[in-house]
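Asks: Since chain F is already given, all that's left is putting chain P on it; use the hints.
Protein chains in written order, with the working numbering: chain F, 1 to 439; chain P, 1 to 251.
No lab work stands behind these hints, which were simulated from the structure alone. Treat the hints loosely; a few may be bogus.
Said to hold, decoys possible - Residues on chain F that point at chain P, a partial pick, calculated with CB under 8 Å:
hint : residue
1    : E389
2    : Q395
3    : F412
Claimed, not checked - DSS-like mimics (lysine-lysine), calculated; alpha carbons at most 27 Å apart, straight line:
hint : chain 1 : residue 1 : chain 2 : residue 2
4    : F       : K401      : P       : K151
5    : F       : K52       : F       : K419
6    : P       : K165      : F       : K401
7    : F       : K385      : P       : K100
8    : F       : K436      : F       : K419
9    : F       : K385      : F       : K344
10   : P       : K165      : P       : K125
11   : P       : K151      : F       : K418
12   : F       : K419      : P       : K100
13   : P       : K151      : F       : K385
14   : F       : K29       : F       : K138
15   : F       : K52       : F       : K29
16   : F       : K108      : F       : K52
17   : F       : K401      : P       : K100
18   : P       : K108      : F       : K436
19   : P       : K18       : P       : K221
20   : P       : K129      : F       : K418
21   : P       : K151      : P       : K100
22   : P       : K165      : P       : K65
23   : F       : K52       : F       : K203
24   : P       : K151      : P       : K122
25   : P       : K165      : P       : K100
26   : F       : K401      : P       : K65
27   : F       : K376      : F       : K365
28   : P       : K226      : P       : K245
29   : F       : K385      : P       : K245
30   : F       : K401      : P       : K108
31   : F       : K436      : P       : K221
Backbone N, C-alpha and C fix where the C-beta goes; we use that ideal spot for every residue, glycine too.
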Amino acid sequence: MNNQPHNDLKSRLLADFRTSEERMNGASKSALHQIRREALNQFDRLGFPTVKHEEWKYTNVNSLIKEVFEFNAPSAITLEDLAQLESSQLNGNVLYFVNGQYQPQLSKIVSPADQLSITTLAEAVKNTPDLLNQYFAKYADFQDNAFTALNTAFASEGVVIHVPAHTTVEAPTILRFISDARQMNVASQPRNLFIVDQNAEVKVAESFRTLGDQASFTNVVTEIVVAEDARMEYYKIQNESDMAYHIGTTQVYQQDRSHFYSATVTLDGGFIRNNLNIALDGSNCEAHMYGLYFPNGRQHIDNHTLVDHRKPNSHSNELYKGILEDRSTGVFNGKIFVRQDAQKTNAYQSCKNVVLSNDATMNTKPQLEIFADDVKCSHGTTTGKLNEEALFYLQSRGIPKTEAQSLLMFAFAEDVIKKIKIDPLREQLERRIQAKLAR
Amino acid sequence: MLTISNLQASIGSKEILKGINLEVKPGEVHAIMGPNGSGKSTLASVLAGREDYDVTGGSVLFEGKDLLEMAPENRAAEGIFLAFQYPVEIPGVSTTNFLKTAMNEIRKYRGQDPLDAVQFLKLMKEKMKLVNIDQSLLSRSLNEGFSGGEKKRNEIFQMAMLEPKLAILDETDSGLDIDALRIVAEGVNQLRSPERATIVVTHYQRLLDYIVPDYVHVLYKGRIVKSGPKELAFELEEKGYDWIKAEVETV
Chain F
1 MNNQPHNDLK SRLLADFRTS EERMNGASKS ALHQIRREAL NQFDRLGFPT VKHEEWKYTN
61 VNSLIKEVFE FNAPSAITLE DLAQLESSQL NGNVLYFVNG QYQPQLSKIV SPADQLSITT
121 LAEAVKNTPD LLNQYFAKYA DFQDNAFTAL NTAFASEGVV IHVPAHTTVE APTILRFISD
181 ARQMNVASQP RNLFIVDQNA EVKVAESFRT LGDQASFTNV VTEIVVAEDA RMEYYKIQNE
241 SDMAYHIGTT QVYQQDRSHF YSATVTLDGG FIRNNLNIAL DGSNCEAHMY GLYFPNGRQH
301 IDNHTLVDHR KPNSHSNELY KGILEDRSTG VFNGKIFVRQ DAQKTNAYQS CKNVVLSNDA
361 TMNTKPQLEI FADDVKCSHG TTTGKLNEEA LFYLQSRGIP KTEAQSLLMF AFAEDVIKKI
421 KIDPLREQLE RRIQAKLAR
Chain P
1 MLTISNLQAS IGSKEILKGI NLEVKPGEVH AIMGPNGSGK STLASVLAGR EDYDVTGGSV
61 LFEGKDLLEM APENRAAEGI FLAFQYPVEI PGVSTTNFLK TAMNEIRKYR GQDPLDAVQF
121 LKLMKEKMKL VNIDQSLLSR SLNEGFSGGE KKRNEIFQMA MLEPKLAILD ETDSGLDIDA
181 LRIVAEGVNQ LRSPERATIV VTHYQRLLDY IVPDYVHVLY KGRIVKSGPK ELAFELEEKG
241 YDWIKAEVET V
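Only chain F is shown next, with the shape it has when bound in the complex (with noise of 0.2 Å):
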C-alpha cells in the first residue's frame, strides 16, 4: 500500500480504489468490478479536464480537486434535521440517501413491488446480477468524461428502478441526496439506473439538497433507458449550498415511440455541472428538456445538453431559462446531433436569459451538426437585462420596482416550473423562487 501523502483529488481517489480492492475479496472478480477497474483506469488516463478542455471551457474544476472530502461520511441525521430542509410531501416512493448512504429509516416505498422493482444499487448487485450487466454501464459513456468514469469506477450505492412492460405506475418517486457537511467536507458518488420497459410509464424526480456549511461535493451519474413505447418524466432538482459543488451526468437511451419528458430545476448550488445526453435511438420517439437556473452570489451553473437524433421521424424540444443575479455565472451549452439516418427529424432548442447584474455572466453556445438533409431544426439564444417597459408599466400602475421586477421574474421561470407535472414538487418550488426573489 502506498502511504505518500497524496496531496490531490485524482491521487487521493486512485489510492482509495486501491485499498477498497483489496477488502473486496472474491467480489473484485465480478463482471461489475471489471468495469469498475476499466473505469478507474480510464479515470487515471483522462485525468480532471481543464479549462484547456473544450466541453469545460466556463467551468473551472481547479477549487474542486483542492479540496479535502470525506467519502460517504457517516451521519447522525435525524428528522428533525430533515425537517428544516422543508421537502415537499409527496405522496409517494421517497428514498433518502446521507452522503451517499441509503436511510431505510426514512424512506418509504409504496408502489407494490409487481407495479416496480426499486433496489438500492447495493442490493441490486447481489439480487440482479444480469439485469445490471443487460444495463450498467452501457450508456454512460466514460471513455471521455473523467467525472463519469470516477462516477462509475466507485459505483457502489444508487438506485435501481425497473418498470416492468406495459405496467404503468401512478406514484411517483422521489430520491432525496442529502450532503451531510454540518461536520467535515463531505463528498458521494451515486449511481442511478431507471429502466422502463416496453409501453410502461414512470414519474422520478431527484433532488439534491445540502445540511451545514462545509463543503459537499456530488457527482452523480443516471442511466435511463426508456423502450419502446415507453414514457418517463423525469426531474432533476438542485438547491445546495453556496458551498456544494455538483458534477452530475444525466444518461438517456430511447428506444422507438418512446416518450421521454425532463425538467432541470437549479435554484441554489455553489458550482455546478449537469450534463443531460439524450440518444433517440429509435423513429418517432419524443425529447423533452425543461431547465432553469437561478444563480445568485458567486454560485457557477452550467447545463450542457446533447440530443443525439440517430433515427427518422423524432422529435425533441428544449427550453432552458435562466435568472443571474449579483456575480454569478451560468453556462449553456445544447449541442443537437442529427445523423444522416435521421430523416425528418424535428429539433428545437431555445435558452433565455435575463442578468440582472452587471458582475453576472451568461456564456451560451448553441451547436447544431445536422448531416441528414429533410430535417426541420431551429435554436436560438437571448441573454439581456429585464425588460424595462414592463417594469415601468406595472410601477404605474401601483406596484413597487421590487415587487414588480420579482413578478417579471417569476412569470419567466413559471414558464419552465409550470412543466412540472408532480403538483407538490412544483408548488414547493414556486414557493421557493418566490422566496428567493423576494430576497
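Replies: Quick look at chain P alone, frame taken from chain F:
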C-alpha cells in the same frame, strides 16, 4: 388638483418640453392636441414618472404634493393613472393577478386592508361590463396577443378598477375602429365625476366627439401655444395644425 409650472424635460441632450404651464381642477376634462413630435406623449410619460426623461426645470404639484419627487408606483397610489399608447405585453402575468397585486399595493399605501378574493372578483365583474371586456381575456397573459382594441379596452378596464383621481389617456384612440372607440369613450365617460379629472392626449379631434373636453390645449414644439374651449378642437380638425404653426412662427 394638478398644477404644472414651467415644466421642462429632455431625453438625452434633446429638449422636448420647453416650459409647460397647465392647471387642472377636479371634474375637468382637458384635451392636449398637437402635431406629431410636439411633446404630447412626453408630457404624459413625465407625469406618470417614466425614467427615460430628465426633468430639467419647473414643477408639478398634485393635490399640493411634489409629483416629480415620487416613484411611479407612488404616483399611482396618489391617484394618477396613465392609459398607455402602446400597452406592453407581459408574458406569464395575467391581468387578473397583476391587477389584484396593484390594487392591494395601492390600498396598502393608503393604509387600507387588502381586498379578499371575493371582493376583488365582485368589483371585477362590475367593471368588466363597463368596457365590455371578456373574462377569458383577463385570465390570459397581460396584453399578449391582444388586438389593438383589446389592449385599449384593457387599459380602460384597469382604469375603472383603480378609480384614479386623474386619468391621463395617451393617444387612446390610435389604432381603434369606430366601435372600439365608442366603447372606450363610454368607459371613460362613466368614470367622469366632479372629483375626478381627465387629460386626453390625442392627435385627432375624433375622440373628442365622444369624450367632450372642457378645455383644449395645443402643444407645439414643447410649449402650449394655444388654449380654448372645446370648439378649438373643431377648428383644428377643419384647418389642421398649419395655421397654429404659422401663428407661432410669426410671434
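Asks: Take the hints in turn and mark each one as holding or not.
Replies: These are the hints, each one checked on the structure:
The criterion of a C-beta within 8 Å of any C-beta in chain P is met by E389/F, whose closest approach is roughly 5 Å, and the hint holds. Because the beta carbon of Q395/F sits about 4 Å from the nearest beta carbon in chain P, less than 8 Å, this interface hint is met. Annotation: interface hint on F412/F holds; nearest CB of chain P at approximately 7 Å, less than 8 Å. Of the supplied pair hints, the one linking K401/F and K151/P holds, its CA atoms being roughly 23 Å apart against a limit of 27 Å.
Taken as a hint, the K52/F and K419/F pair is broken in the structure, with Cα atoms around 36 Å apart against an allowance of 27 Å. Pair hint K165/P plus K401/F holds up; C-alpha atoms about 22 Å apart against a cutoff of 27 Å. Between K385/F and K100/P the CA atoms are separated by roughly 26 Å; this keeps the pair inside 27 Å, and the hint holds. Taking the CA atoms of K436/F and K419/F, the gap is about 20 Å. The hint holds against a cut of 27 Å.
The straight-line distance between the Cα atoms of K385/F and K344/F is roughly 37 Å, outside the 27 Å bound, and the hint therefore fails. For the suggested pair K165/P and K125/P, the alpha carbons sit about 22 Å apart, so the restraint of at most 27 Å is met. Restraint check for K151/P and K418/F: satisfied, since their Cα atoms lie roughly 26 Å apart, inside the 27 Å limit. Restraint check for K419/F and K100/P: the C-alpha separation of about 25 Å stays at or below 27 Å, so the hint holds.
For the hint linking K151/P to K385/F, the alpha-carbon distance of about 25 Å falls within 27 Å, and the restraint holds. Annotation: proposed proximity of K29/F to K138/F holds, straight-line Cα distance about 19 Å (limit 27 Å). Our distance criterion of 27 Å between C-alpha atoms is broken by K52/F and K29/F, whose separation comes to about 37 Å. Of the supplied pair hints, the one linking K108/F and K52/F is violated, its CA atoms being roughly 45 Å apart against a limit of 27 Å.
For the proposed pair K401/F and K100/P, the alpha carbon gap of about 16 Å is at most 27 Å, so the pair holds. Taking the CA atoms of K108/P and K436/F, the gap is near 23 Å; set against the 27 Å cutoff, the hint holds. The hinted pair formed by K18/P and K221/P meets the criterion: a straight-line CA distance of about 8 Å does not exceed 27 Å. The suggested pairing of K129/P with K418/F is violated, with an alpha-carbon distance near 32 Å, which exceeds 27 Å.
Restraint check for K151/P and K100/P: the C-alpha separation of about 18 Å stays at or below 27 Å, so the hint holds. The straight-line distance between the Cα atoms of K165/P and K65/P is roughly 14 Å, inside the 27 Å bound, and the hint therefore holds. Under the criterion of a C-alpha separation no larger than 27 Å, the hint pairing K52/F with K203/F is inconsistent with the structure, at around 38 Å. For the hint pairing K151/P with K122/P, the CA-to-CA distance comes to about 22 Å; that is within 27 Å, so the pair holds.
For the hint linking K165/P to K100/P, the alpha-carbon distance of about 19 Å falls within 27 Å, and the restraint holds. For the hint pairing K401/F with K65/P, the CA-to-CA distance comes to about 21 Å; that is within 27 Å, so the pair holds. For the suggested pair K376/F and K365/F, the alpha carbons sit about 19 Å apart, so the restraint of at most 27 Å is met. A threshold of 27 Å between alpha carbons decides the hint, and for K226/P with K245/P the separation of about 11 Å falls inside it, so the pair holds.
This hinted pair does not check out: K385/F and K245/P have alpha carbons roughly 42 Å apart, beyond 27 Å. Under the criterion of a C-alpha separation no larger than 27 Å, the hint pairing K401/F with K108/P is consistent with the structure, at around 15 Å. Of the supplied pair hints, the one linking K436/F and K221/P is violated, its CA atoms being roughly 47 Å apart against a limit of 27 Å.
Hints 5, 9, 15, 16, 20, 23, 29, 31 from the earlier list are contradicted by this structure; the remaining hints agree with it.
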